[in-house]
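Chains as they are written, first to last, in the working numbering: chain A, 8 to 166; chain X, 2 to 316; chain S, 1089 to 1376.
Don't read these hints as lab results, they were simulated from the structure. Computed from a predicted structure; not experimentally measured. Be a bit skeptical, because a hint or two may be false.
[Unchecked claim] From the derived model, a few chain X residues whose C-beta atoms are all more than 12 Å from chain A:
1. A60
2. D136
3. E292
[Stated by the list, open to error] One-sided and incomplete, this derived list gives chain A residues near chain S with beta-carbon spacing under 7 Å:
4. M68
5. V72
6. G76
Where a beta carbon is used, it is the ideal one built from N, C-alpha and C, also for glycine.
Listed below, chain by chain, are the residues.
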Amino acid sequence: MKTISLKVNGIAKEITIEDNELLLNVLREKLGITSVKAACWRGECGLCTVLLDGIPVKSCMTLAVEADGKEVITAEGLYFDEKAKKLMESFVKHGAMQCGFCTPAFVVTSHYVLTKNPEIDGEELKKELNGVICRCGTYYQIYEAVKDAEKYYKKETKS
Amino acid sequence: MGQGTPTSLAIIVAEEFGIPLEKVKINQLEMVSTDTNPYTWQTVGSRGLFSDGIALLRAIEDAKDQIKDTASRVFKVPIDDVEVSGGYVFSKSHPWIRKEIKEFAMGYTYPDGTTVGSPVIGRGSYAPVLNTFLDASGHGSNTVFHTYGGTGVELEIDLLTGKVKVLRAIQVYDVGKAIDPLLVKGQMDGGFIMGLGSALYEELKFDEDGRVINPNLINYYVPHFEDMTASIESYIIETPQKDGPLGARGVGEHVMIGVAPAIANAILRATGVKINQLPITAEKLWKAIKEQKPELIEKAQKLFFEEGIKEVQQV
Amino acid sequence: MSFTTPYFTLPKFTYLKPKKLEDALSLLRQYRGKAKIMAGGIMLINLMKERKISPEYVIDIKGIEELKKISKTENGIKIGSAVTAIELQSYQIIRDNLPALAKAASYMGDRTLQHTVTIGGNISVGMPSTDGLPALMSMDSLLTIKSLDGERTIPASELVIGFGRTSLKDDEMITEIVVPYSRGFKGTYLKLINASEVAIATVAVSVLLKEKKLTVVIGAIAPRPYYFDHKSLQWNWEASLSENIKNASEIIGSSVKPMSDAVAGSEYRKEVSKVLAARALKEVFGGA
Ligand SMILES: Cc1cc2nc3c(=O)[nH]c(=O)nc-3n(C[C@H](O)[C@H](O)[C@H](O)COP(=O)(O)OP(=O)(O)OC[C@H]3O[C@@H](n4cnc5c(N)ncnc54)[C@H](O)[C@@H]3O)c2cc1C
Ligand code: FES
Ligand code: FES
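Chain A extracted, bound-state conformation:
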């Protein structure tokens, strides 16, 4: 038993965990954050992707203790980010979801990608998003949605 402190979607939390707990379980079961999906548990599908100190990681491949002192952001947290909210609206506009199971992971990953580079080349974008699987095959729509949301992430030109 160990108490870790971390920030989850902007809120500071102290949680008591075992060393062998996965971040995925802690987020879903102890914190009730269910946008983080659990599917393969082996790092293959990417549906459990969250941002750990701003970097996308697969939470089924991350120990909860590794998040000690760090900040975790999930799709729930991104709702309060102006740009990310526009990104989500773009997903809706382009019909970039069918069953929606992969949507949170794609939102989180593409938010990271656009924050890093809002003028990303198309092929590079596909590589960046290759870590998340959409079994419904919504890739074309997700691609359009992310490309369309680029404009919200570009730095405002100084006037």
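Dock chains X and S with the ligands against chain A, hints included.
Below, chains X and S with the ligands without anything else, positioned relative to chain A:
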């Protein structure tokens, strides 16, 4: 669930009553719960919207009949003269006699508190008729509708390794009526991606004892983001299905079916090599080329060594 | 299937996160045989989920700053073992000088995993499918291995001794990778995968050309990568390039004995080894 059926159902309700889409609530959890709802069989055969849609239209008819019954008493006109559409209940012969639909939802209440009619609950059901099991020879009628369409692909083959890369796809499907074109397009593009997986990659492999040797998503590979073709064009044709909801028929799985034959035929056209077993992995295609058209491999090798390298040396 | 079955949980262990290399080495000695190093943890966590290993202690080395450095010296380029696959692709020193390694890093799992995967962890996995080792071997890299007793250096080619097995002792750690060239050479890394880049390789080929020195390493087809140089390939610097490549590819084809597994069969892997080697050689000489 997940194909967008509830969205399309909501659109049907909104259109039939002429009310804004936001006013229509579909309780998705209830919809799939057989504790509280009748069982609607699985969404197989891409028949979700087709069957649920027809049942829904019948329920809407039933609800409208109840409204008309109440309204005919309130308006004091014959029941045949009452119409429900565009958000209103009105008399066809005296259209200025009209009231908003919502005034009839719980039965009609006069200003003094007296009431006519009762709360409106429409019921409808649908079960395919004239369907049969298939007989031993495969004959029979086991579907209620047929969705027609076609898929075309343009691809590149690495003759020396057998690796196929699909560059472009075109699909045309007659969906009867696209109740929500964005959703139909999503089903078509997504169906293509799934079809691509079964055409090129997906295969469960077993050892001698029948154990699966690729029980993970690395060795049982499903299409990833990078597998999307550089371009895809999906066209919708609308020849109404007379007995379908608003003329619609199913789409979804149908799109998947065309992908593998399109790829196999493109390979046949490009190389003359016939492959009739899926998935067409690089290894399988390489073996097939070696058996059926070894001269192609020789030609590619020759090209690689002679012309290819000479060019390089000149640089 | 319940979410408490082994597959979804990890065995019990104590997590340790030393900040200094010496502390990590003493812990490894203190809990010898009972501890496992965790770098990115990508392999370690999966092995623990499957209960293939159940260490009592997990020593996370990500807190040790000196393992995360990359530097360029007269004797070559030094890469800390905890440098991530993303860093290998983004640092200018690697991109400019060791393109084959940067390319190999781009295949280490998908882009999301690459933020976590480390070069030291990747080669210590000892599996044929990992991309780091063939690339490092083709560049005649050396591995610095430390324990409380001191330091030793081995060629990268001596690390893996069998399927998933390495020559590391259980209190030893790879701290640094030294690529002995810093300029004046060309290299490339090619990989054939049935699907897109996150699937497991059928064959991987890494080639290095430095003046009159040539190496070709074939990975992913056997427990250990195959190493060839201009001597074993009977490279004749006077003869024409196409003759040389044809000959080298034949020699490679007749010397490798690829395995058959869920990914591909032996015969196919042999053929693809020849084809990829030829393409890599052409690329390396073509740009010269
Ligand atoms: C879906 C998926 C696909 C993948 N595809 C590929 C691929 O195509 N190509 C590829 O190359 N990789 C691929 N990988 C990654 C690869 O399989 C390994 O998981 C990864 O490289 C391990 O790196 P790590 O830093 O996470 O190591 P860890 O998991 O931390 O460590 C691996 C092993 O090495 C030991 N170790 C770690 N660091 C050291 C050190 N410095 N000294 C001594 N021992 C050490 C550990 O104790 C452990 O036994 C894939 C992974 C996944 C999940
Ligand atoms: S559940 Fe984490 S990658 Fe699949
Ligand atoms: S929308 Fe169903 S998995 Fe992506």
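Verification of the supplied hints:
1. A60: At roughly 25 Å from the nearest Cβ of chain A, A60 of chain X sits farther out than 12 Å, so the non-interface label holds.
2. D136: holds, 35 Å
3. E292: Since the minimum Cβ distance to chain A is about 33 Å, E292 of chain X lies beyond 12 Å and the statement holds.
4. M68: holds, 5 Å
5. V72: holds, 5 Å
6. G76: violated, 11 Å
Of the hints listed earlier, the one the structure fails to meet is number 6.
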